[in-house]
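*Asks:* Line by line, the protein sequences give chains X and C. Numbered per our numbering, the first sequence spans residues 1 to 356. Numbered per our numbering, the second sequence spans residues 1 to 269.
Rather than coming from a laboratory, the hints here were simulated on the basis of the structure. Glycine is no exception: its CB is placed at the ideal position from the N, C-alpha and C atoms. Keep in mind that a hint or two might mislead.
[What the hints assert, rightly or not] Derived EDC-like pairs: lysine to aspartate or glutamate, alpha-carbon spacing no greater than 16 Å straight-line: (1) 91(X) <-> 158(C); (2) 178(X) <-> 203(X); (3) 8(X) <-> 60(X); (4) 133(X) <-> 154(C); (5) 55(X) <-> 22(X).
[Stated by the list, open to error] What the simulated footprint calls covered on chain C by chain X, stretch by stretch (three residues with Cβ under 8 Å from a Cβ of chain X suffice, anywhere in the stretch; the number is not a length): (6) 135-142; (7) 162-170.
Residues per chain are reported as follows:
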Amino acid sequence: MSSYLSLKGINKSYGDFVALDDVNLEIKKGEFVTFLGPSGSGKTTTLMIIAGFEKATRGEVEIEGLSLAGLDPQDRNIGIVFQNYALFPHKSAVENVYFPLQMRKVKRKEGMRRAEEMLELVGLKGFSHRHPKELSGGQQQRVALARALVFGPDLLLLDEPLGALDKNLREQMQIEIKRIQKKLGVTTIFVTHDQTEAMSMSDRIVIFSQGSIQQADAPLEIYHRPKTQFVADFIGESNLLAGKVVDAASGTLSSPVLGDCTYSGDHQPAVENGQDVTIVLRPENLRISRDPIEGRMNGKMKIETIVNYGDNALVIGLSGGVPIRVRVLGADVVILSEGDECCFSWDEDAIFLVAE
Amino acid sequence: MNTLMRVIAYAVIIFIAAPLVIVVPMSLSTASSLQFPPPGYWLGYYASYFSDPGWLRPTWNSIVIASATTVLTMILVVPAAFALVRHKFWGKGVANLMLMMPMAVPHIVMAVGYYSVFGQMRLVHTHLGVILAHTCLSVPITFLVLSANLKGFDRTLERAARSLGASPLQTFGHVTLPILRPGLLISALFAFIQSFDETVVAIFISGRDAETLPRKMFDSIRQEADPVIAVISSLLFLIVAIALIAPHVVSALRGRFTTKGQEKALIAQ
Numbered sequence: 001m002s003s004y005l006s007l008k009g010i011n012k013s014y015g016d017f018v019a020l021d022d023v024n025l026e027i028k029k030g031e032f033v034t035f036l037g038p039s040g041s042g043k044t045t046t047l048m049i050i051a052g053f054e055k056a057t058r059g060e061v062e063i064e065g066l067s068l069a070g071l072d073p074q075d076r077n078i079g080i081v082f083q084n085y086a087l088f089p090h091k092s093a094v095e096n097v098y099f100p101l102q103m104r105k106v107k108r109k110e111g112m113r114r115a116e117e118m119l120e121l122v123g124l125k126g127f128s129h130r131h132p133k134e135l136s137g138g139q140q141q142r143v144a145l146a147r148a149l150v151f152g153p154d155l156l157l158l159d160e161p162l163g164a165l166d167k168n169l170r171e172q173m174q175i176e177i178k179r180i181q182k183k184l185g186v187t188t189i190f191v192t193h194d195q196t197e198a199m200s201m202s203d204r205i206v207i208f209s210q211g212s213i214q215q216a217d218a219p220l221e222i223y224h225r226p227k228t229q230f231v232a233d234f235i236g237e238s239n240l241l242a243g244k245v246v247d248a249a250s251g252t253l254s255s256p257v258l259g260d261c262t263y264s265g266d267h268q269p270a271v272e273n274g275q276d277v278t279i280v281l282r283p284e285n286l287r288i289s290r291d292p293i294e295g296r297m298n299g300k301m302k303i304e305t306i307v308n309y310g311d312n313a314l315v316i317g318l319s320g321g322v323p324i325r326v327r328v329l330g331a332d333v334v335i336l337s338e339g340d341e342c343c344f345s346w347d348e349d350a351i352f353l354v355a356e
Numbered sequence: 001m002n003t004l005m006r007v008i009a010y011a012v013i014i015f016i017a018a019p020l021v022i023v024v025p026m027s028l029s030t031a032s033s034l035q036f037p038p039p040g041y042w043l044g045y046y047a048s049y050f051s052d053p054g055w056l057r058p059t060w061n062s063i064v065i066a067s068a069t070t071v072l073t074m075i076l077v078v079p080a081a082f083a084l085v086r087h088k089f090w091g092k093g094v095a096n097l098m099l100m101m102p103m104a105v106p107h108i109v110m111a112v113g114y115y116s117v118f119g120q121m122r123l124v125h126t127h128l129g130v131i132l133a134h135t136c137l138s139v140p141i142t143f144l145v146l147s148a149n150l151k152g153f154d155r156t157l158e159r160a161a162r163s164l165g166a167s168p169l170q171t172f173g174h175v176t177l178p179i180l181r182p183g184l185l186i187s188a189l190f191a192f193i194q195s196f197d198e199t200v201v202a203i204f205i206s207g208r209d210a211e212t213l214p215r216k217m218f219d220s221i222r223q224e225a226d227p228v229i230a231v232i233s234s235l236l237f238l239i240v241a242i243a244l245i246a247p248h249v250v251s252a253l254r255g256r257f258t259t260k261g262q263e264k265a266l267i268a269q
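Extracted from the complex, chain X is given alone in its bound form (with noise of 0.2 Å):
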């Protein structure tokens, strides 16, 4: 993998409070890498790193290999929207566009030809003499993102743009921001806690936790094979069950409330023979039935709750004392009644081994 932009160990600490810890990812050229994580776990800080905002307590940040180290904001060529979108409430939209190119000494004639062209390509053709509040917040949004591409950065960072938007208008700017940003081929990262704007939008999902990096992979590597148990409790929903692995060669592992039961061999983490592990397993491929079904695995529980959603529902149930849930589709649901005693059940492809 060609490495386009570099963290090389880096490390922020406010006093005593670490901030970021050690902290190594590689970008490729023209990817889009998602930053994901609860508040506070350094995603932000990271983000402000790399454009020059704060300065990092060790570490390194390099562009094709060339340290960023000396270099002020306003020489880094970076774009960056930010949460609030910033636009400048005195400027017109294309005025808020040809600013960074003012900036580049470009004359005004050809500046503003090109911050026009860039508010067409985001979709906003005939809206450029109006000023930010005379925009909506989609609007707005999409001026912050011509704003931002307008002088061709090397780098487009957007701190959680999405946040302020309502649901439909969002899933719109994600359709958006991904057309663009394919169309523009520019190098991205995207700032969020939403793990499905991560799941839909990203190339590679960086999770972030507490200060360091826990996983850094492909959204469906990361959905089906987290490699912490942070990462497998934080993306989509998990049953998180203690397990000590008996052979590992032949791929069996007991469990006090799956029993003694096989997993696939692929993609898990290396274990030893004994080593206590951690088994995931996601509630959609739990099936829930009332007789053990056969080529299966099969558990016992007691349904404690059933949430409808509609077109599915989630089943909770206890099988020795611990809870288990199950997502099953709406018309197998009709069935079931709490306090029943069933059989939940599972493939050998199913189990995915966190070793902690």
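Let chain X serve as the given structure and place chain C on it in line with the hints.
*Replies:* Same frame as chain X, but now just chain C:
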């Protein structure tokens, strides 16, 4: 009850507004001293105000002193407001308190202080002396207005400008200053009014040479109750009324365009 409340309300309004309004007919009066109601009307006292150097000189003094005070106050307050709003440093609390001091200390006390200290420094009876004293008195209100504006300023805008290629100086010129302009203008206006209106310190230290308009009016009313005072009061009242109403007229006119623009934005969605 409702009627009673209304009567009280009108009584209060009249009580407060009457002295303001009463000077206008008095300024047009033919009487030889301040007198209400006027025995007859003419514009003679307006003519004598605009032709009497004894009145025009203090007017000019006041304009010069208030302008210089405004400039000096802004030079001191703008950096102070930025420093105190945006930065943390040792002694910040004390600095804040010192800036507010002139507002708390009675003007008469300060006037006596200036009279004795400026006397030794040969600053009494000079424009410079009055300007320095007025600047000190203008600082608190100017600082309050400006720092309130500065606290409401979204600093992400400055970060955005930096990320788009602007140096700190360019960011200040292209983003910070234009957005803060209304706040700066209002705080400057407060400094000007504070000085133009100030009487106590002016009586103590302005003397004959730097005599300000309020001081001249005060002297005049003690000696002869010259109706020109009513003329000046009417003119000042008129200027202030225009200054207060003008922004509303402008924003009302602007508002009409903006609302139209917003309607279009909504339709276009």
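*Asks:* Take the hints in turn and mark each one as holding or not.
*Replies:* Verification of the supplied hints:
1. 91(X) <-> 158(C): holds (14 Å)
2. 178(X) <-> 203(X): holds (10 Å)
3. 8(X) <-> 60(X): The hint holds at about 5 Å.
4. 133(X) <-> 154(C): Satisfied, since the Cα-Cα distance of roughly 15 Å is no more than 16 Å.
5. 55(X) <-> 22(X): holds (14 Å)
6. 135-142: violated (count 0)
7. 162-170: holds (count 7)
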